[in-house]
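Visitor: What follows is each chain in one-letter form.
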Amino acid sequence: MKYLALIYAAPGAGPDYGTPEFGPYMDGYRKATETYQRDGVMLAGEALQDTSTATTVRVRNGKTETMDGPFAETKEQLGGFYMFECANLDEAIKYAAMIPSAEHGSVEVRPIMEIE
Amino acid sequence: MGSQASEQERRARKAIEALARAETGRLLGALVRDIRDFQLAEDCLQDAMESALAHWSRNGLPSAPAGWVLQTARRKAIDRFRRARNFERKAEEYGRLIELDQRTVDSDEPPLIPDERLQLIFTCCHPALDSKTRVALTLRTLCGLTTREIARAFLDATEAMAQRLVRARHKITKAGIPFEIPEPEHWAERLNSVLSVIYLIFNEGYSATEGPELLRQDLCLEAIRLGRLMLELAPGDAECEGLLALMLLNHSRAEARLDDQGGMIALDNQDRSLWNRDEIAKGCALLDQALERACPGLFQLQAAVSALHAQAASHRDTGWSEIALLYGAMHRLSPNPVYLLNRAVAVSYAAGADEAWAALGALEAELCDYQPFHAAKADFQRRMDRPEAARLSYQRAIELSNNESEKAFLQSRMASLGVQV
Chain H
1 MKYLALIYAA PGAGPDYGTP EFGPYMDGYR KATETYQRDG VMLAGEALQD TSTATTVRVR
61 NGKTETMDGP FAETKEQLGG FYMFECANLD EAIKYAAMIP SAEHGSVEVR PIMEIE
Chain G
1 MGSQASEQER RARKAIEALA RAETGRLLGA LVRDIRDFQL AEDCLQDAME SALAHWSRNG
61 LPSAPAGWVL QTARRKAIDR FRRARNFERK AEEYGRLIEL DQRTVDSDEP PLIPDERLQL
121 IFTCCHPALD SKTRVALTLR TLCGLTTREI ARAFLDATEA MAQRLVRARH KITKAGIPFE
181 IPEPEHWAER LNSVLSVIYL IFNEGYSATE GPELLRQDLC LEAIRLGRLM LELAPGDAEC
241 EGLLALMLLN HSRAEARLDD QGGMIALDNQ DRSLWNRDEI AKGCALLDQA LERACPGLFQ
301 LQAAVSALHA QAASHRDTGW SEIALLYGAM HRLSPNPVYL LNRAVAVSYA AGADEAWAAL
361 GALEAELCDY QPFHAAKADF QRRMDRPEAA RLSYQRAIEL SNNESEKAFL QSRMASLGVQ
421 V
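Protein chains in written order, with our numbering: chain H, 1 to 116; chain G, 1 to 421.
Bound conformation, chain H alone:
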């Protein structure tokens, strides 16, 4: 099954760029990605620019409306994702738990819908 792991964290909850903790944190991401590739479960994975760069698009009555900012103003914001190919939810949870941001934020694991 395919699973999307959505990585949420509050701004400033994790180590900031330029602090001594930032290096090991990024190293954690590198190691996690290596593990995913080695185990053959990684389909995709990217980090997103922060939410100040977000644009929300809606189409109403055929007219495209845009708004500055993310869809929902929540404390924890979407910062990146991985897509895994796993046998079951237990396996997906195991890999999601390796994402360094899980230690200060949260990772939502959702199965990808298979269109019939």
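It should be emphasised that the hints constitute simulated quantities derived from the structure, not laboratory data. Just to be clear, a hint being listed does not mean it is correct.
Within a straight-line C-alpha distance of at most 27 Å, the following computed DSSO-like cross-link-like pairs (lysine-lysine) qualify [claimed, not checked]:
| hint | chain 1 | residue 1 | chain 2 | residue 2 |
| --- | --- | --- | --- | --- |
| 1 | G | K132 | H | K94 |
| 2 | H | K94 | G | K407 |
| 3 | G | K90 | H | K31 |
| 4 | G | K174 | H | K2 |
| 5 | G | K174 | G | K132 |
| 6 | G | K90 | G | K132 |
| 7 | G | K407 | G | K132 |
| 8 | H | K94 | G | K171 |
| 9 | G | K90 | G | K14 |
| 10 | H | K63 | H | K2 |
| 11 | H | K2 | G | K407 |
Put chain G on the given structure of chain H with help from the hints.
Guide: Relative to chain H, chain G alone:
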């Protein structure tokens, strides 16, 4: 003629009810294994039960009723697969069912029912489901309780409970919650999730003060039945033994803990001659067996506390020092201020309230909204001859309680202080 027919129908209905209670776990386990879809398995089993009522009312009971139901449920699944829009995707499951059905037809024997109940209970108690859902799903799937019975036990509407169960079954299938016995590395953690669900069912029955009396008893007995099942499926597991021992030991006091009006009687005022000696003996034997395995766990430690109470001649003669040590061990295994509170209470009975006062005070910040903390504090103050302070603590405890019989109990304790309000 008509009365004969209705007599046969009555007998069929009774047989099906008994079958549902005794065999739902095995039947659903077998179906889920082959169909790989919880909701579909449940639907096909329901169809088969309805079909059983029609056939058995007309022709009497078959020689192997459970096998008959399994075979019928498999055919219902075959039917549903054939009619499904996404037939190809279920080709593998379909093929397996056709083969199983053919084998039964060829051998002329009812199908054997494989025991998949351990996989089933691990799925129903998976940590990706919320705790109430785990409890409800386990009662429905392993115990064969009807949705209506489960809803009544939780004082929920049947419709809401039915929706909860449907959502849970869909999540199991769509999110890929596995139908497997966990790997050794996850065994302890996942087993603990199962045992916790069983203990929640027991406590729901043991401590509920609302709802019909009979139903509460039923939940306790269902939990004990599940405890026995786990021991059968995972023999030699110390925590399974510990949980069953704990439930039997606590249940031994069921008769003594409520007064005629259904009010709560505290341990120190219970008539110990009402305690069930048979359950105490069984609980203690199981606990001894568990402790010999030298794999300590929270359920064994709690059972050990319950056993010390069960074996004491009186409240005063209880092994309070040992109980204090056991709560200390629980806190080391799984840090929790409630264990420290219980330890302080045990120390107060072993060595005096003055001795334990400081330990109690240290928990104030963490447990300031926890009713039992204030009840314990009031009791300490009463025994330290500070009735005015005790009254204030009882008042706080009563404010925090949302259970009528508990409130009545605290009020009677407060009244016994003899302080003018």
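Visitor: Would you mind marking each hint as holding or not holding in the structure?
Guide: Structure-based check of each hint:
1. G:K132 x H:K94: Distance of about 24 Å is within 27 Å: holds.
2. H:K94 x G:K407: 45 Å, violated
3. G:K90 x H:K31: Answer violated: G:K90 to H:K31 is near 38 Å, above 27 Å.
4. G:K174 x H:K2: Distance ~11 Å between G:K174 and H:K2 Cα, so the pair holds.
5. G:K174 x G:K132: With a Cα-Cα distance of about 20 Å, the restraint between G:K174 and G:K132 holds, given a limit of 27 Å.
6. G:K90 x G:K132: Outside the cut-off at roughly 31 Å; violated.
7. G:K407 x G:K132: Given that 27 Å is the threshold and the Cα spacing comes to 25 Å, the pair holds.
8. H:K94 x G:K171: 18 Å, holds
9. G:K90 x G:K14: 35 Å, violated
10. H:K63 x H:K2: 34 Å, violated
11. H:K2 x G:K407: Violated - the C-alpha atoms of G:K407 and H:K2 are around 52 Å apart, more than 27 Å.
The structure fails hints 2, 3, 6, 9, 10, 11 (numbered hints given earlier, in ascending order).
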